[in-house]
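Chemist: Now for the letters of each chain:
2 protein chains.
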Amino acid sequence: MNHRLPVPLAKAYRLLNHGPTVLVTCAHGGVSNVMAAAWSMPLDFMPPKVAVVIDKNTHTRKLVEASGEFSLNVPSRRQAAETLASGSTSGRDGDKIDQLGWQVFPGTLTGAPLLEGCLGWLECRVIDEPHIQQSYDLFLGEVVAAHADSRAFRDGHWVFEAGSPRSIHYVAGGNFFETGEGFEARKPGE
Amino acid sequence: MNHRLPVPLAKAYRLLNHGPTVLVTCAHGGVSNVMAAAWSMPLDFMPPKVAVVIDKNTHTRKLVEASGEFSLNVPSRRQAAETLASGSTSGRDGDKIDQLGWQVFPGTLTGAPLLEGCLGWLECRVIDEPHIQQSYDLFLGEVVAAHADSRAFRDGHWVFEAGSPRSIHYVAGGNFFETGEGFEARKPGE
Chain A
1 MNHRLPVPLA KAYRLLNHGP TVLVTCAHGG VSNVMAAAWS MPLDFMPPKV
51 AVVIDKNTHT RKLVEASGEF SLNVPSRRQA AETLASGSTS GRDGDKIDQL
101 GWQVFPGTLT GAPLLEGCLG WLECRVIDEP HIQQSYDLFL GEVVAAHADS
151 RAFRDGHWVF EAGSPRSIHY VAGGNFFETG EGFEARKPGE
Chain B
1 MNHRLPVPLA KAYRLLNHGP TVLVTCAHGG VSNVMAAAWS MPLDFMPPKV
51 AVVIDKNTHT RKLVEASGEF SLNVPSRRQA AETLASGSTS GRDGDKIDQL
101 GWQVFPGTLT GAPLLEGCLG WLECRVIDEP HIQQSYDLFL GEVVAAHADS
151 RAFRDGHWVF EAGSPRSIHY VAGGNFFETG EGFEARKPGE
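Protein sequences appear in the order of chains A and B. In terms of the UniProt record's numbering, the first sequence has 82 at position 82, counting the first letter as 1, and numbering is strictly consecutive. In terms of the UniProt record's numbering, the second sequence has 164 at position 164, counting the first letter as 1, and numbering is strictly consecutive.
Same shape as in the complex, but just chain A (with noise of 0.2 Å):
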C-alpha cells in the first residue's frame, strides 16, 4: 500500500521546521546522486524557501548546479545507517544510491529522485544567487511540491506515536538523536 500523500504547499515548512537531518538527492544527465545533510532550513513559508549547504568539493554540488534542481528526503531512524553512509562516501566514486541500496521513485515535478521509506520529500528548484553558493556554499531552493508518509505526517502534522517511525537528527561521528517525545507549551500566564 502506498501511504505517499501530496503534502500542501503551505505547509511545507512543517517537514523541516523541526531540524531534522535530511538527504538531499540530483540527477542531471542520467546521473544522480544521494547526500546526507544535517544544515538545512526553512527559509520563508509560502511560497515555501528552503536553505541547505552544498559543500563544493561533493558530486551532488556539480549536479544541483547542473539542473538547477535538488530534493530533500526526511529519513526515518530506520535508515540511519544508509544515511550517515550516505554523508561519508562520493558519488564519485560509483553510484552511490545503487550501492547503498536506496530504492527511489520519479519527483512530479522535478526531476531528482526521491527515496523509498523517506518520512517526507521536497522537491526545490535552485533559487540563482551564484555569490552565496560560491562563497559560503549555501544553496536557496523554492519547493515546487511536497509529499509525506501519511502514517508520519498527516493534516499539516507530523503523528510520531509508539513504535511508528521518527525523524533523525545527527551530531557528529555518528550519533544522532532521535526525535523524542512531542508536548504543547503555552505562554506563561495563559
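Derived from the structure by calculation, the hints contain no laboratory data. Model, not experiment: these values are computed from the prediction. For glycine and all other residues, C-beta sits at the position ideal for the given N, C-alpha and C. Incorrect hints may have been included.
What the hints assert, rightly or not - Computed footprint of chain A on chain B; a stretch qualifies when at least three of its residues, placed anywhere within it, have a C-beta under 8 Å from a C-beta of chain A:
1. 31-41
2. 44-51
3. 60-73
4. 109-120
5. 123-135
6. 140-149
7. 159-172
What the hints assert, rightly or not - As a list, the in silico DSS-like pairs of lysine-lysine whose alpha-carbon atoms are at most 27 Å apart:
8. B:K11 to A:K56
9. B:K11 to B:K187
10. A:K11 to B:K56
11. B:K187 to A:K62
12. B:K62 to A:K56
13. A:K187 to A:K11
14. B:K11 to A:K187
15. A:K187 to B:K62
To be verified - If the Cβ cut is set under 8 Å, some of the chain A residues that face chain B in the computed set are:
16. A10
17. R14
18. G19
19. W39
20. F45
21. V53
22. N57
23. A80
24. A81
25. L84
26. Q133
27. Y170
28. V171
29. F176
30. E178
Start from chain A and add chain B according to the hints.
Modeler: Frame of chain A; chain B shown alone:
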C-alpha cells in the same frame, strides 16, 4: 554553582547541528531583545558560521542590523513556554526580556545578552550580506565565542541523560518535540 564552560570554536557547530530551536538575543544603544527562531543552522565548521532567518518586521532585526551582532541561545524544555512567548510577542511593546522573566548574563566578546538556564550559547558577529538580508531575511554570522552548560554539553558532546534538561524542536502552533533518544549508527557492512 556555575556550570557554564567555554566550548572550543571547532566544536561550536555541534550546539546547533541537531537542529534545535534557538532564541536570538541582541542589544543596541541600551535596548536589548529576544526572539525565538526555529530557522537557524550551522553554515561552516572553522571558523564557525551560522545562518538564521530574522524577519524584517521584527524589533530584533533592527537591533541586529544596528549592532552587527547577535547571539543564539539553545533553550531547554523547561523554557518552552518562555520560548513560545518570545516568538509571538514583540519587543517593540516593552522590554520582552524583562516581561517574560528571562535572566541574562553578559556575552564575553559581543554585546548581546545571554539567557540564563539555556543549554548552549553562540556569540556571533554579522557577516554583512545586504542582498540576502534584504531579499530573504537571511543573516549569516561568524561565531566568535561559544559556551555550554556542562550538565548538557561537555567535551564536545551533548549528554542528555535521564532527568537532565534537553533541547527542543519547534513545529507549529505551540507544539514542540524534545530531543529524543541518542543512538550511534554504523555504515552498512561495518
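Chemist: A separate judgement is required for each hint: does it hold in the structure or not?
Modeler: Outcome of the hint check:
{"no.": "1", "hint": "31-41", "verdict": "holds (count 4)"}
{"no.": "2", "hint": "44-51", "verdict": "holds (count 3)"}
{"no.": "3", "hint": "60-73", "verdict": "violated (count 0)"}
{"no.": "4", "hint": "109-120", "verdict": "violated (count 0)"}
{"no.": "5", "hint": "123-135", "verdict": "holds (count 3)"}
{"no.": "6", "hint": "140-149", "verdict": "violated (count 1)"}
{"no.": "7", "hint": "159-172", "verdict": "holds (count 6)"}
{"no.": "8", "hint": "B:K11 to A:K56", "verdict": "holds, 22 Å"}
{"no.": "9", "hint": "B:K11 to B:K187", "verdict": "holds, 23 Å"}
{"no.": "10", "hint": "A:K11 to B:K56", "verdict": "holds, 22 Å"}
{"no.": "11", "hint": "B:K187 to A:K62", "verdict": "holds, 25 Å"}
{"no.": "12", "hint": "B:K62 to A:K56", "verdict": "violated, 33 Å"}
{"no.": "13", "hint": "A:K187 to A:K11", "verdict": "holds, 23 Å"}
{"no.": "14", "hint": "B:K11 to A:K187", "verdict": "violated, 33 Å"}
{"no.": "15", "hint": "A:K187 to B:K62", "verdict": "holds, 25 Å"}
{"no.": "16", "hint": "A10", "verdict": "violated, 11 Å"}
{"no.": "17", "hint": "R14", "verdict": "holds, 6 Å"}
{"no.": "18", "hint": "G19", "verdict": "holds, 2 Å"}
{"no.": "19", "hint": "W39", "verdict": "holds, 5 Å"}
{"no.": "20", "hint": "F45", "verdict": "violated, 10 Å"}
{"no.": "21", "hint": "V53", "verdict": "holds, 6 Å"}
{"no.": "22", "hint": "N57", "verdict": "violated, 13 Å"}
{"no.": "23", "hint": "A80", "verdict": "holds, 4 Å"}
{"no.": "24", "hint": "A81", "verdict": "holds, 5 Å"}
{"no.": "25", "hint": "L84", "verdict": "holds, 5 Å"}
{"no.": "26", "hint": "Q133", "verdict": "violated, 11 Å"}
{"no.": "27", "hint": "Y170", "verdict": "holds, 6 Å"}
{"no.": "28", "hint": "V171", "verdict": "holds, 5 Å"}
{"no.": "29", "hint": "F176", "verdict": "holds, 6 Å"}
{"no.": "30", "hint": "E178", "verdict": "holds, 4 Å"}
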